[in-house]
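Protein chains in written order, with this note's numbering: chain U, 5 to 191; chain P, 2 to 424.
Note that these hints are calculated values from the structure, not bench results. Hints should not be assumed to be uniformly reliable.
Unchecked claim - Below 30 Å or equal to it, Euclidean Cα-Cα: the simulated DSSO-like pairs (lysine-lysine) are:
#1 U:K149 <-> P:K288
#2 P:K271 <-> U:K172
#3 U:K149 <-> P:K271
#4 U:K172 <-> U:K149
#5 U:K172 <-> P:K288
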Amino acid sequence: MTDTESPAVDNGVNIEALRGARQALTDAPGAAQFTWRASNHWVSGTHSSTTITDFFGLGQDNMHRVVHTIEADHPQVFASQDNGAAPPEIVLAALASCLTAGVATVASHRGTQLRSVTATIEGTMDLQGILGIDADVRNGFDTIKVVYTIDADASRADIEAIVAQSQKRSAVFDILANPTTIQVTVA
Amino acid sequence: MRTSVVVIGAGQAGLAMSHHLTNRSIDHVVLDRGEVAQSWRVERWDSLRLLTPNWMSRLPGYRYVGPDPDGFMTNLETIEFLERYSRRSAAPIRCHVTVEQVRARHPGFDVVTDQGVWRCDVVVAATGSSSEPRVPSLAAELPLRIRQLTALQYRNPRQFGDGEVLVVGASASGAQIADELQRSGRATTLAVGDHVRLPRTYRGRDIHWWMDAIGQLDERYDEVDDIVRARRLPSLQLVGSPDRRQLDLNTLVARGVSIVGKVMGVNGEKSQCSGALANVVASADLKQRRQLTRIDDFASAHGLDEAIPPPMEPQPTNFGTAPTELDLARFETVVWATGYRPTYRWLDRAAFDHRNRVEHDGGVCALDGLYLMGMPFMRRRKSSFIDGVGSDAAELVSHLHAHLDRRTRHVDTGAGARQLLHD
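Isolated chain U, as found in the complex (with noise of 0.2 Å):
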């Protein structure tokens, strides 16, 4: 067998750096841990805004190109004034996000040329939960569900394979999928 030359393929991805870093980083583990920040500040009601602005890794801190802000809200069912996306929905646009982004990546490893690629999520939940109705209720999503629409130079089986290697390497996958420690504290 010989190595596989990916045909020219073009999704957007700088592969050939990815490859890199992957070199780098197996030489270097120490450079491989990363922390990532974000801080909050209430605004008003159950409204709030996040703002990331750098992180920790490859041994030094990051500054992000600009700072980035999420506004969260509840919607108006619930009585708050919507000026954000739920929390549980930025969880799923993260899931998404994250996913979407090992799309492509794969993709452009396996030197397949993406034309679309959609997804539409849904995450569902029993507020019986986090209203304290029912004990026997979890909190969070009883289920979520990715549904990926995509075109490309592949065949369908590839595809799925190209989807399924995404969630075996998305950190918000496995953030989702299995425990975390959290330790919440007051300063």
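Fit chain P to the supplied structure of chain U, relying on the hints for placement.
What follows is chain P alone, placed relative to chain U:
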């Protein structure tokens, strides 16, 4: 005591190496803590049969010639098979010798055993890759009431009470153990992480017949795209049985086994299981399809389509949704079938890399004069199979022989003369 080569381990890998050393008249001993095929005697469950058919039990100068080439050897038959091989090849085995330490002398080695020290030029570590169980650290967090054992300690369902059992791991070991426990009447739950699903037979042939025919088992370690990943692949989710039965999540569920995702956390009496199970299962089905397509392509290219049954699509894995939380109060016993790893505790630290792994290139270690045998995908995909140790030993013995020749040329003539006397 002085010899040229000390082979540690008298299983299939050590015996195959010994055969090649004898053929080249290289003075050597094979040391084993027990007897020939020791791990087959003490570290296997009663019902275990080889995953590969009898005709694939091929060793250098020796092969299965019995009446059932398509059958699967039992554990006892495997022990007998290897014993006959060791007698036939007159391997210079010292049984019941425990290696305590291998010290590099640069050049050469001291092999310190409970029965004296062997001084040698070359060491072949043929102790295999399944010396101890790999158990996740969260095992320590399980309630003390729950009895835990590993696949290496599993013998048969009679070791268990009547209570529910959680088997963790769905490769060959875990799937077989869960199947056997459920058949014995014990309610069994199987926690499923990454696994390799394949049909026992496909288009009228055993899956290993196909993997051999298409050349997959001969793929070399320096030819595959990602050898690190290839070496980490879990064992095929298969069972060797007289009726060639299929073993997969569908057959387990049909028998009554409950399926959950990989065990990710323990919190008091609750265990959290991964919600990624659907993806794990979909990936296994997709990879199975890719493998079968490769077989179909081979069959077409070799004009076999008329002679064999047509392609068939295995049933997609389907068991509905699985809970992400387990109530541990239900379980009397947990069986960890989460893989195995080699142990080289007795080996000189100079052989290890910064990640504490023995550094080697296809079994040729970075530490001069040290060789490995029997590791997964060491030189070929079949390296850890009985059928794979022969070609690995043949290649390594050439390297080893050249190494010894260099040593005798460059070291004082006394050592060379001693070696000739030994020969």
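Need the list of violated hint numbers for this structure, in ascending order.
Failing hints: none at all.
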